[in-house]
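Hey, can you work out the whole structure from these sequences and the hints?
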Amino acid sequence: MTSSITYTAELDMPREVVLFLAGLLRAERVRRRTRAGTRALGEFKQAVLIIRWLVDGARIARPAADNAISHATCDRYVEEGVTVLKAQAPTLQEALTAAKAAGYTHLHLDGTLIETDRCRALGPNGADLWWSGKHKQHGGNIQVLSSPGGDPLWTSEVRPGREHDLTCARLHGLLDPLAKAAEDGLITLADLGYVDAGMGFRLPYKRSRGGTLTNDQIQYNKVHGALRALAERANAQLKMRFKALRNVSKCPWKIGGIVAAALVLFHREQAHKQLSPSVNAGC
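Going by the UniProt record's numbering, the residue at position 169 of the sequence shown is 169; the numbering climbs one at a time, nothing skipped.
Incorrect hints may have been included.
[What the hints assert, rightly or not] Cut-off 30 Å, straight-line C-alpha distance, at most; resulting in silico cross-link-like pairs (DSSO-like, lysine-lysine):
(1) K239 to K100
(2) K243 to K45
(3) K239 to K222
[Unchecked claim] Each pair of labels, with its calculated beta carbon distance range:
(4) A229 to R39: 43 to 53 Å
(5) A102 to T6: 44 to 54 Å
(6) A61 to Q270: 26 to 36 Å
(7) G210 to H135: 23 to 33 Å
(8) D117 to M240: 18 to 28 Å
(9) D56 to K273: 11 to 21 Å
(10) S276 to K243: 17 to 27 Å
(11) R209 to L19: 53 to 63 Å
Note that these hints are calculated values from the structure, not bench results. Every residue gets a Cβ at the ideal spot worked out from N, C-alpha and C, and that includes glycine.
Structure follows, in structure tokens:
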């Protein structure tokens, strides 16, 4: 006969961020007129559960067992957390306004695939919508707008992984706002997946079939590539910090909300780090 062992673990997230989420959950319960004592967990414990799920990528069954609640209740608590966090995520216009206020000279736009469990949804031509031929993996396409240093500023809703980055950018209505931002001096760097995106984008030169690039074009591509490499950092920061984004087992259409929730927590954590005095200050 086997027996389980209980142990204590530390949540890798500042307490202030947990309290922020707990406050959102409390406000949502007030809005819903939830009666006191009718929930299995208080707001703080629910916030811990939600952040643990996002940070550790734990399957719902594990935090459910640890909190002595049912799988369905745990799943509902996570959904509530994602919903209230997503509502705090910046809009595209808010992100662009903040970027201009910060004095950024350029932004990065890049698509990333959030992998999902094997799912099959056939499109009009019979192709599997969620299968990405580029990545050879089922998943959802998320567009990520990031700062020159590679910090994520804004994330889109999800589109099926089969769709190309430019198609997703068009469907999300990104082209016109980014073109307007470029007119104001805030250009967007992107890769060749955004060819024909418009004047707001700066792309590397593409060598024509059988042709060659000039020395100036080659040097431009090197500089462009060095700058744009930081766009990958933005995607990596989200996926490394929030392991739930490495593979989502929920309905793939919920991926966008989960990424937005992670983005809000990322911003709150970064703000906390900037406000907190350095441990080594004065040493």
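Against the structure, the hints come out as follows:
1. K239 to K100: 26 Å, holds
2. K243 to K45: 20 Å, holds
3. K239 to K222: With a Cα-Cα distance of about 27 Å, the restraint between K239 and K222 holds, given a limit of 30 Å.
4. A229 to R39: 43 to 53 Å: About 46 Å separates the Cβ atoms of A229 and R39, which means 43 to 53 Å holds.
5. A102 to T6: 44 to 54 Å: Holds, since A102 and T6 (Cβ atoms, about 46 Å apart) stay within the stated range.
6. A61 to Q270: 26 to 36 Å: Given a distance of about 31 Å, which is inside 26 to 36 Å, the answer is holds.
7. G210 to H135: 23 to 33 Å: With a Cβ separation near 29 Å, G210 and H135 satisfy 23 to 33 Å, so the hint holds.
8. D117 to M240: 18 to 28 Å: For D117 and M240 the Cβ distance comes to about 21 Å; the hint holds.
9. D56 to K273: 11 to 21 Å: 20 Å, holds
10. S276 to K243: 17 to 27 Å: 24 Å, holds
11. R209 to L19: 53 to 63 Å: 58 Å, holds
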